[in-house]
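Using the hints, build the complex out of the two chains.
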Amino acid sequence: EAQVTQNPRYLITVTGKKLTVTCSQNMNHEYMSWYRQDPGLGLRQIYYSMNVEVTDKGDVPEGYKVSRKEKRNFPLILESPSPNQTSLYFCASSFGDRGRVGYTFGSGTRLTVV
Amino acid sequence: GNSVTQMEGPVTLSEEAFLTINCTYTATGYPSLFWYVQYPGEGLQLLLKATKADDKGSNKGFEATYRKETTSFHLEKGSVQVSDSAVYFCALKSSEKLVFGKGTKLTVNP
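Going down the list, the protein sequences come from chains A and B. Using the working numbering, you'd call the opening residue of the first sequence number 67 and step up by one each time. Using the working numbering, you'd call the opening residue of the second sequence number 39 and step up by one each time.
Worth flagging that the hints you see were computed from the coordinates, not collected in a lab. A portion of the hints provided could be inaccurate.
[To be verified] Some chain A residues flagged as far from chain B (calculated, every beta-carbon gap over 10 Å):
#1 Glu67
#2 Leu77
#3 Ile78
#4 Leu85
#5 Met93
#6 Asn94
#7 Ser133
#8 Ile143
#9 Gln151
[Said to hold, decoys possible] When the alpha-carbon atoms are kept at most 20 Å apart in a straight line, the in silico SDA-like pairs for lysine to any residue are as follows:
#10 B:Lys106 / B:Thr64
#11 A:Lys123 / B:Gly39
#12 B:Lys140 / A:Asp104
#13 B:Lys143 / A:Pro105
#14 B:Lys143 / A:Ser173
#15 B:Lys90 / B:Thr64
#16 A:Lys123 / B:Asn40
#17 B:Lys140 / A:Asp125
#18 B:Lys140 / A:Gly108
#19 B:Lys140 / A:Leu154
#20 B:Lys140 / A:Thr152
#21 A:Lys123 / B:Glu134
#22 A:Lys137 / A:Val120
#23 A:Lys131 / B:Glu134
#24 B:Lys143 / A:Gly106
#25 B:Lys140 / A:Gly106
#26 B:Lys143 / A:Arg110
#27 B:Lys140 / A:Leu107
#28 B:Lys143 / A:Asp104
#29 B:Lys140 / A:Gly124
#30 B:Lys98 / B:Ser121
#31 A:Lys123 / B:Ser41
#32 B:Lys143 / A:Gly108
#33 B:Lys94 / B:Asn60
#34 B:Lys140 / A:Pro105
#35 A:Lys123 / B:Ser132
#36 B:Lys140 / A:Ser173
#37 B:Lys90 / A:Phe161
#38 B:Lys140 / A:Gln151
#39 B:Lys98 / B:His112
#40 B:Lys140 / A:Arg110
All residues carry an ideal CB built from backbone N, CA and C; glycine is no exception.
Just chain B, same shape as in the assembly (with noise of 0.2 Å):
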């Protein structure tokens, strides 16, 4: 079936790092990709999307593009922000479902 393969987390990074978040997915056909955040104690947000393949998603500073050839979709940020610090989440949409990655921690210290 479906899934999604996230980076293990925890990540700890200074403010104004770089950040990537490596996220690799299995599917048939070329499903939507989205990355969600979660801040503590709230729910899941939509960060950004891509519906096809080579599109790029971009929101905040973040970024990630569909590349089907490696059936990922890593999402970067070229400067972190201590505000940054939450749960990432990359998921496919497959059939009437998201399709989650287990999440991954990113700290972002002063």
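Isolated chain A (complex conformation) (with noise of 0.2 Å):
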């Protein structure tokens, strides 16, 4: 089955302990892109990646990091995760083609930073 494949769904951690959400996709997408959910603003996007060890900021990078060292993966790094990053995360992929197909989102991250 084609999908985005996001672990953990749930996490709760403390602030400044360093963690690691996963992203993987099983379509051979070139595209990757990570956003936040949060009540009254929407869906922002945190980091995006056109393709291997091609990587950029979105609209809320701050705090985070991400690498794309394989096609089919791509973490989100809070390396001192702190209260304000609690939240409900998103990995998205598409095909290469500017995303005019839309995007396959996998099912969301909660974290919450106490």
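Structure follows, in structure tokens:
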């Protein structure tokens, strides 16, 4: 089944403890991206990647890192999480057609930083 | 910059009622337009899309027409079902990202 898989689905952590949210897709998509969803703010892009070793900042990159060493994986790294990073996170992917056919989203990771 | 404005919810309807969720956009050029749906506890799923003016996207009884003269992409369904209860997001493709509206929560009662 074609899908984007995120892990974990739920995570509670403490301020300052480094964490990684994994994202993997099995569709050979070139493009991958991370979004966060917050009440009243909708979805905002954190980082995106056009292909292996090509990443760039989205609208809200502060406090996050990403890497794209393999085409299928695009992990989101929080080096020192803070409570304002408590959010629902989504990974998405698409073919390199500039997104005209839409993105495939993962099921989400609900992160709580205390 | 590019933006999407959609009607605020929540919207509550009875089964078999007609649904309209308004969406307007601001953008340079003619971006691709999308409606995504998010069921409780799940990720976003592409519901329908339109890539150029006057295109009509349709899926599962939902429709939306790309209107460049009114910069709109309103979502409609003739007869909603309880299973349509979800949050609906209008979005446009802008550069290397999707720009989303804030979402409209729909509840359909039996």
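Now the hints, each set against the structure:
For A:Glu67, the requirement that its beta carbon stay farther than 10 Å from each beta carbon of chain B is met, with the minimum near 14 Å. Every CB of chain B lies more than 10 Å from the CB of A:Leu77, the least distance being 16 Å, so the non-interface label holds. A:Ile78, annotated as away from the interface, keeps every beta carbon of chain B farther than 10 Å; the closest lies near 17 Å. The claim that A:Leu85 is not at the interface with chain B holds, since no C-beta of that chain comes within 10 Å of its own (minimum 20 Å).
With 10 Å as the threshold on Cβ separation, the claim that A:Met93 sits away from chain B holds: the shortest Cβ distance comes to roughly 13 Å. Non-interface status of A:Asn94 relative to chain B is upheld: no Cβ of that chain comes within 10 Å, the nearest being about 18 Å off. With a minimum CB-CB distance of about 17 Å to chain B, A:Ser133 clears the 10 Å threshold, and the non-interface call stands. Taking the minimum C-beta to C-beta distance to chain B, about 20 Å, the non-interface status of A:Ile143 holds against the 10 Å cut.
With 10 Å as the threshold on Cβ separation, the claim that A:Gln151 sits away from chain B holds: the shortest Cβ distance comes to roughly 19 Å. Taking the CA atoms of B:Lys106 and B:Thr64, the gap is about 10 Å. The hint holds against a cut of 20 Å. Proximity of A:Lys123 to B:Gly39 is assessed by CA-CA distance (about 16 Å); at most 20 Å being required, the pair is judged to hold. Of the supplied pair hints, the one linking B:Lys140 and A:Asp104 holds, its CA atoms being roughly 9 Å apart against a limit of 20 Å.
Distance hint between B:Lys143 and A:Pro105 is fulfilled; the C-alpha atoms sit about 12 Å from each other, no more than 20 Å. The hinted pair formed by B:Lys143 and A:Ser173 meets the criterion: a straight-line CA distance of about 18 Å does not exceed 20 Å. Among the hinted pairs, B:Lys90 with B:Thr64 is consistent with the structure: their alpha-carbon atoms are about 15 Å apart, no more than 20 Å. Of the supplied pair hints, the one linking A:Lys123 and B:Asn40 holds, its CA atoms being roughly 17 Å apart against a limit of 20 Å.
For the suggested pair B:Lys140 and A:Asp125, the alpha carbons sit about 15 Å apart, so the restraint of at most 20 Å is met. Between the alpha carbons of B:Lys140 and A:Gly108 the distance comes to roughly 4 Å, so the proposed pair stays at or under 20 Å and holds. Of the pairs offered as hints, the one joining B:Lys140 and A:Leu154 holds, with about 14 Å between alpha carbons and a cut-off of 20 Å not exceeded. Taking the CA atoms of B:Lys140 and A:Thr152, the gap is near 18 Å; set against the 20 Å cutoff, the hint holds.
The straight-line distance between the Cα atoms of A:Lys123 and B:Glu134 is roughly 10 Å, inside the 20 Å bound, and the hint therefore holds. Among the hinted pairs, A:Lys137 with A:Val120 is consistent with the structure: their alpha-carbon atoms are about 10 Å apart, no more than 20 Å. Our distance criterion of 20 Å between C-alpha atoms is met by A:Lys131 and B:Glu134, whose separation comes to about 18 Å. Taking the CA atoms of B:Lys143 and A:Gly106, the gap is about 12 Å. The hint holds against a cut of 20 Å.
Our distance criterion of 20 Å between C-alpha atoms is met by B:Lys140 and A:Gly106, whose separation comes to about 7 Å. Our distance criterion of 20 Å between C-alpha atoms is met by B:Lys143 and A:Arg110, whose separation comes to about 18 Å. This hinted pair checks out: B:Lys140 and A:Leu107 have alpha carbons roughly 6 Å apart, not beyond 20 Å. For the proposed pair B:Lys143 and A:Asp104, the alpha carbon gap of about 14 Å is at most 20 Å, so the pair holds.
Only pairs whose Cα atoms come within 20 Å are accepted, and B:Lys140 paired with A:Gly124 is accepted, the gap being roughly 18 Å. Only pairs whose Cα atoms come within 20 Å are accepted, and B:Lys98 paired with B:Ser121 is accepted, the gap being roughly 11 Å. About 18 Å separates the Cα atoms of A:Lys123 and B:Ser41, which keeps this hinted pair within 20 Å; it holds. With a C-alpha separation of about 12 Å, the suggested pair B:Lys143 and A:Gly108 falls inside the 20 Å cut-off, and the hint holds.
A threshold of 20 Å between alpha carbons decides the hint, and for B:Lys94 with B:Asn60 the separation of about 15 Å falls inside it, so the pair holds. Using a Cα cut-off of 20 Å, the hinted pair B:Lys140 and A:Pro105 holds, with the two alpha carbons roughly 8 Å apart. Taking the CA atoms of A:Lys123 and B:Ser132, the gap is about 14 Å. The hint holds against a cut of 20 Å. Note on B:Lys140 and A:Ser173: the hinted pairing holds, with a Cα-Cα distance of about 18 Å set against a maximum of 20 Å.
With a CA separation close to 19 Å, the supplied pair B:Lys90 and A:Phe161 stays within the 20 Å bound. Between the alpha carbons of B:Lys140 and A:Gln151 the distance comes to roughly 19 Å, so the proposed pair stays at or under 20 Å and holds. A threshold of 20 Å between alpha carbons decides the hint, and for B:Lys98 with B:His112 the separation of about 16 Å falls inside it, so the pair holds. Taken as a hint, the B:Lys140 and A:Arg110 pair is honoured in the structure, with Cα atoms around 10 Å apart against an allowance of 20 Å.
In summary, this structure violates none of the numbered hints.
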